[in-house]
Amino acid sequence: MCAHTCACKHAVLIDMEEGVVNEILQGPLRDVFDSKQLITDISGSGNNWAVGHKVFGSLYQEQILEKLRKSAEHCDCLQCFFIIHSMGGGTGSGLGTFLLKVLEDEFPEVYRFVTAVYPSNEDDVITSPYNSMLAMKELNEHADCVLPIDNQSLFDIISKIDLVVNSGKLGTTVKPKSLVTSNVGTVTKRHKKPFDAMNNIVANLLLSLTSSARFEGSLNMDLNEISMNLVPFPQLHYLVSSLTPLYTLADVNIPPRRLDQMFSDAFSKDHQLIQADPRHSLYLACALIVRGNVQISDLRRNIERLKPALQFVSWNQEGWKTSLCSVPPVGHSHSLLALANNTCVKPTFMELRERFMRLYKKKAHLHHYLQVDGMEESAFAEAVSSLSALIQEYNELDATKSMPVPDVPRLSVAM
Amino acid sequence: MSIVTVQLGQCGNQIGFEVFDALFRDTQCSPGLCSKRENEAYQASCKERFFREEENGVPVARAVLVDMEPKVINQTLSKAGQSGRWKYGQHACFCQRQGSGNNWAYGYSVHGPKHEESIMNLIQKEVEKCDSLSGFFIIMSMAGGTGSGLGAFVTQKLQDQYSSSLKMNQIIWPYRTGEVIVQNYNSILTLSHLYRSSDALLIHENDAVHKICAKQMNIKQISFRDLNQVLAHQLGNVFQPTYSEDGSSHYRRDPLGDLMEHLVPHPEFKMLGVRNIPQMSENFLAYSTFTWPGLLKHLRQMLISGAKMEEGIDWQVRPPFSGLPPLGKMSVHKDLHFNTSIANLVILRGKDVQSADVEGFKDPALYTSWLEPVHAFSMWKTPRAFDKYEKSAALVSNSQLLVKPLDMLVGKAWNMFASKAYIHQYTRFGMEEEDFLDSFTLLEQVVASYGSLGP
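Going down the list, the protein sequences come from chains A and B. Per the working numbering, residue 521 is the first one in the first sequence, and the count goes up by one each step. Per the working numbering, residue 132 is the first one in the second sequence, and the count goes up by one each step.
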């Protein structure tokens, strides 16, 4: 996606089975996507990372490259790629991460942002731990920035909204346009599929991320600034995101949600797009992307207020990146997206490793992968090793949490 | 003589607009108690310095606008154009699309060389439109990527190409918390480079200006626009015309040259700060009266105690008597409570300015010993009032005022550097750890030099 010019014409849609893409092409957005920018196959990847990565990767590499180059040519200035896929399946996970390598080779200067949907505990794809683990290695090595998301969190947000919408309590009528799950302002009017509402949350995340690139503000922030400020070491590029507000009350007699409440909410677990506990873990860096009629003094007041309850790593005690965009999202007077580089992602990765090991120890379903041309068992060992190294880095940082801030002796100069 | 302003990055361009607007507005303001002829001379002098005429009579700012993304420049150009009172030159801007990513190395090592020719050409064109060039005024922030990195690069090129012209950099010192995470790195790299290639660094701290907005101006929801307008007011108070000598009837011709001559006697000491009194919201202005003794007393105490605004001045701080320790403050190490100056310049504007008594600023105890107070202190004045203030005073000083913020900045950057965090973001664009170390060394030297000043 090209950040500075019309976004949709530059999207490339890839799927190894046709159902979803065909539906998009027959739907109301058919004119927005360029039909020449699609790549589909028929049989799908069978929830097999190896099929997606090795088979379809080599099969479609040329085509993918050709379409990407074409899209890139139309951009005045190509700043970053947004890659969106799930981790647990075969195509998104396998072919998606294959694509990551291709982008790195072909466009090394362009940032690669991945929005990855991690499998929930109750996810029904048996091989999802394998797929996720193999994909993680690729994300570790070839993505500039990853925003992990899980379906459980998205589902919880929807439940919370439903509770408010349906509670029937006086004064809790919600403005329908303001729901973070709403697609007002988009073309499709009704949610036809159960995932639509959840996916809209992710769409809103991406809108907030790009708001400063699309609209004016007193403190702009480009996408490359996210990577610059939030990734202190190349491997530690996983960011926990939280969005607020989730809705706006329609009753005018109720005073509008105080601005400060919005900031507090951004640090509450209810608003996160991934299950994690940043408050009790260590912050490496944090970004606040604010939209609407909010000024620098509001921002500073809230940072001062919230800071004491949060733990920042010793060399980045004031590690805040902020941006102010004047234009709020549809239906709101203001909104806030918080991106945190925090060691709280560690449990997610540890769980992933554990679920993987449960399968791998018994070699369950392994043959489906090994029978794919080019897939070796060593790939599994390497993937675990890569993830373990990442977890270890987070461990080392966590160990510094309760230690006093080290006194680094300054350079002494002759007078 | 004219000043060519170079506005760099979002901060530089947003502030630049407010500065030109403040300068122009002031020339259109009621002149107070000075004569019509005097006022006309004032207006003409200001115009010569900062504006030039265009065909349809709308003054054009002598400025070059540079940014690596288009939104801010477009806004700035249209805001100026819409006002109908003054505008920027049609072809006075240089813009790209991808930004600098808050990365000093990107601004300095990538954008700099790539766009050197285009930017320097633009500046050359603007210089050619000046009958006589006093020098350059470069407005930039330290925290981001364009103002800081590209700003450092451009200043260096100006030194190479216009070695006989002066350069003053207006630097915005970021908030201590909450702007850009890598701001400390960007800042030390900027400061160390500018220290080598600029003639003077005029520094404004966001935290200080923010307090002025909150406490003096009583603004409730402070925006960047508010900060920029306070800053522009302070700069206007410094740069608007003043008489050259006591009893002279001509306005000073070379503002930058004069400032440098009086305030930067030694290249090791080039950090300047500005204080302004009074500074308050228009609503209160109508109900307030000021006397010169009152204003100057406060201004002097602001200088001595290192205060950056009127409110909350520490009246306990006194200059040391020679040979005796400062009142109530015995210490072995240099006590930074008392702010020692190298040089000071007081600028007075408005009613009864000839009766103002500035003897208090000539006290040798205020200054370091290597300059005679008669050389360390200067005063400029004009009876022409500035921007609705019946009386106003500005103090530009080269003193220990900025040591503490600089020391903190270097400390935090060093702490982060020790952990090597974010370094890969800079080295990927050609920088090396050595470059960081050089910057640290230079700035530690500056901290030590300023810190060791004493009467």
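One or more hints might be untrue.
[Said to hold, decoys possible] Think about it this way: if two alpha-carbon atoms lie no more than 30 Å apart in a straight line, the pair counts; the simulated BS3-like pairs of lysine-lysine are: (1) B:LYS245 <-> A:LYS590; (2) B:LYS519 <-> B:LYS167; (3) B:LYS202 <-> A:LYS590.
By construction, these hints were calculated from the structure, which means they are not laboratory data.
To see whether the hints hold, each was checked on the structure:
no.: 1; hint: B:LYS245 <-> A:LYS590; verdict: 26 Å, holds
no.: 2; hint: B:LYS519 <-> B:LYS167; verdict: 17 Å, holds
no.: 3; hint: B:LYS202 <-> A:LYS590; verdict: 26 Å, holds
Comparing the model with each numbered hint stated earlier shows that all of them hold.
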